[in-house]
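Engineer: Letter by letter, the chains look like this.
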Amino acid sequence: MDCVNFTPADYKSDQPVRWCPGCGDHAILNVLHKAMAEVGVPPHMTAVISGIGCSSRLPYYMNTYGFHTIHGRAAAIATGFKVANPEMSVWQISGDGDGLAIGGNHFIHAVRRNVDINILLLNNKIYGLTKGQYSPTSDRGFVSKSSPYGTTEDPFIPAELVFGARGNFFGRSIDVELATSQEVLVAAARHHGTSVVEILQNCVIFNNGIHNYITDREYRAERTIHLRHGEKMLFGKNMEKGLVRDGFLLKAVEVGKDGYTLDDVLVHDAHTRSNFLHQQLAMMDGHELPLAVGVIRDVDSLVYNEEIDMQISQIREKKGFSSLRDMILGGEHWEVKE
Amino acid sequence: MLEKADVKTIEKVVVRFSGDSGDGMQLAGTIFTNVSAGVGNQVSTFPDYPAEVRAPQGSLSGVSGFQVHIGVGVHTPGDKADVLIAMNPAALKQNVKHLKKGGTVIVDIDSFKESDLKKAQFVTDDPYKELDLNAQVLEVPITSMTKAALAESGLDNKSVLKCRNIFALGLVCWLFNRPIEAVIHHIKNKFARKPAVFEANSKVLQAGFDYGANTHASVSTYRIESEDVRPGYYTDINGNTAIAWGLILASEKSGRPLFLGSYPITPATDILHELAKRRDLGVKAIQMEDEIAGVCSAIGASFAGNLGVTSTSGPGLALKSEGIGLAVMAELPLVVIDVQRGGPSTGLPTKTEQTDLMQALYGRNGESPVVVVAPASPTDCFDMAFEASRLAIEHMTPVILLSDAFIGNGSSAWRVPDEGDYPQICPPYVPENLREAWKPYMRDESTMARYWAIPGTEGLAHRLGGLEKDYSTSALSIDPVNHEHMVMARREKVAKIADDIPELEVMCDADADTLLIGWGGTYGHLFTAAEELNKMGRKVAFAHFRYINPLPKNTFDVLSRYKKVICAELNTGMMADYLQSRFGGMQVLRINKIQGQPFLVQEIVDGVINIMDEK
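Top to bottom, those sequences are chains A and B.
The first sequence begins at 499 in this note's numbering and counts up by one.
The second sequence begins at 667 in this note's numbering and counts up by one.
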């Protein structure tokens, strides 16, 4: 694919953006424009496909090929699109309701197949467009219009679903962390196969502050850790804390205390095939252990659409049929003469 | 060649092979059909297989049948069989109702022991009497003869028993004077990779043929009439394969790659099977995680510039409704194939019905017109799959193709089309001179179809979606008047397709007072019934619908010419209701059957006479 220089404005459509003022989606949209410009795939070689929900409005704000489809089905539509037109760079935009409730089945199967699409999952733990019902990522006991006495069910943790579906790329960011979001989106775009990027996003109207425990400036350095491949897993205001092994589990320690040195702190390996440690890292939630942002897993594997294309070219070469008629006459038939 | 005692010449004959679902009756029937087609007979087949994959051996629920009609003037698999092959008592019991009075039954007498009779729930030791059988019975020791023929083959007992169907085939080939070399050719293809099995089967085939010639020299054999057929290459094709191939030709003729997103469902799965094999022609057929993903992946592929297709049966069509609505709104080409089966719900999965007509026409939210077409026969499945694709692409609309289990599984001889037999399909690409001013919902005024901008094209990036758009700017719009304008535009687009399809043709006696009509897979039975009625002196005209929405332009003119219009269909009267709703005041009389089985010609003949004789 030709990669020339594009600016974020090249990816921006002329449509007025209609999300609520203060919605986390504004920041994510801007970062997506920037990430696309950084990767440099031309707008006309890019397709953005979404389902239904606030976040799914996003394709209208892109100057790319775009398709705002039906609730939950974007992953299936994106899969068909990519298989049919593999030259295109395909992005799927989903929310926690669209992607994990009504679209849960398509989500896990897209990840399992490892079709080369980038799934952007904007997680605000609420249904915004239908005005405030709990979602599959809402915490147990969450009070909403459809759970006035609190939910009686446990939430999905998106990363856990991705690993359960044997996903090969998982990254995470927070709507207010623009640089991290851009870094993760660029890595997702460059990853071969399905990449899932979860962005914790604030719904200013129906779930304001749901991620505050993690995102408040006061605690953010203590409650999040930015993982980078090949770097020590350090966090804290002065990077004074680190993650170390504790039996089968992880533990946060202070470097220089209790006998822990920098050498004890783990180095992040996003490319290792085993997802054992990736899963533990992705499950950290900011309480006992910091929430992980950045690229948590990025492993190359066989890509669904490429394997289809490969089969087609091999079998075509082997059989050498030039047309339907040629194929039929290569099989059982008889001739009726004049 | 063997001597032939007495050869009768007949116009056509119906043969029914039946046995346990593991006995290979479908294979024996298929080979017999192909060999008959190869000698120039018209053929029409009807496989009748059980819903269970493997019911208990010898049980009534495990009986599998294959009926074939061969000869001249063959349009259906035949109402009843002249010759029935029954490999066990259960097969005889289940199929005796499909046998003509005075027909011939060939049974494997080795399989008629006391325990076999018990499994088939006979209460006496005389099954013929118990069934009140009115037929000439040939008791042939098929199992022991097969074993004897293969005594020195070195095959194990299980493999030997698997050849019994071919012994029976040999016997039938003797009875109908089929060239045994042609049968051997087919067996060789079938077992190309298993030479020992091929050897055994060809030996058994000869043994069956010789057995007939040697021991039943007094029984008449038949020479079946052949018809002059158009020169060319022929092959045997069933409706599902014909659909797959019609789609491939449409892809070749339109230049758009073919994509199928599907999910296994009886009786449509063979379309997925065939197109999955056709990676050798560049077809991308993928099995998705569910029916919804099937249609959605096809819509994604259409948006991406492919001919997007999904294949299913009634329950799957229900699941795809919302997706089809999206394709209506996004105005993308999409072909949805529904091989109808008995419903509602899981219903009769392996049996035929025409009960999805209303679902196809109306089963979506909002004003969402789609094109509905229905093939008339197994070979017409090829033409109508091509037509469905042509209309979808040239008019930028979803098209639902209503096939059914009967024609999907039934087969006929089909002439392989020559280059030039079918027209080019012209996708409505954005014209060069409009590129500057182009908007995604800009329409070609002559068809009302919007233009198709293929992703990857520079300068044509655009956004589509399920939300209503403005008629002129293509931006999102909730303007009330604009919505009505867009609803009417989508409706007009589909209505205008009437200009692009053939008119309704009247067959048989066009000057009669009574018009028999039907649609889709019942064509063969209806046409045969109409011909028989005219032969009996009952004047009947006949017209058959393959295009249902929009209807052919002359539909009202044709229907209003007749005093009585009788619609025969395999439901409670959906087409009749549809026509009455379209043409207020018109009365459409009805012949209906909802038994999971095709019509019998006789049923239609009787039904028409009853209605004609009513005051």
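Source of the hints: derived by calculation from the structure; they are not laboratory data.
Using N, Cα and C, we set each Cβ at its ideal position, and we do this for glycine too.
Treat the hints with care, as some may be off.
[Stated by the list, open to error] Within a straight-line C-alpha distance of at most 27 Å, the following computed DSS-like cross-link-like pairs (lysine-lysine) qualify:
id	chain 1	residue 1	chain 2	residue 2
1	B	Lys-856	B	Lys-766
2	A	Lys-816	B	Lys-869
3	A	Lys-816	B	Lys-854
[As the list claims (entries may be wrong)] Simulated coverage check for chain A against chain B, where a stretch passes if three residues somewhere in it have a Cβ under 8 Å from a Cβ of chain B:
id	segment
4	550-564
5	578-584
6	597-608
7	685-697
[Stated by the list, open to error] Take a look, some chain A residues computed to stay more than 12 Å from chain B by CB distance:
id	residue
8	Ala-525
9	Glu-752
10	Glu-833
11	Glu-836
Engineer: Could you work out which earlier hints the structure fails to respect and list their numbers in ascending sequence?
Structural biologist: 1, 2, 7, 10 and 11
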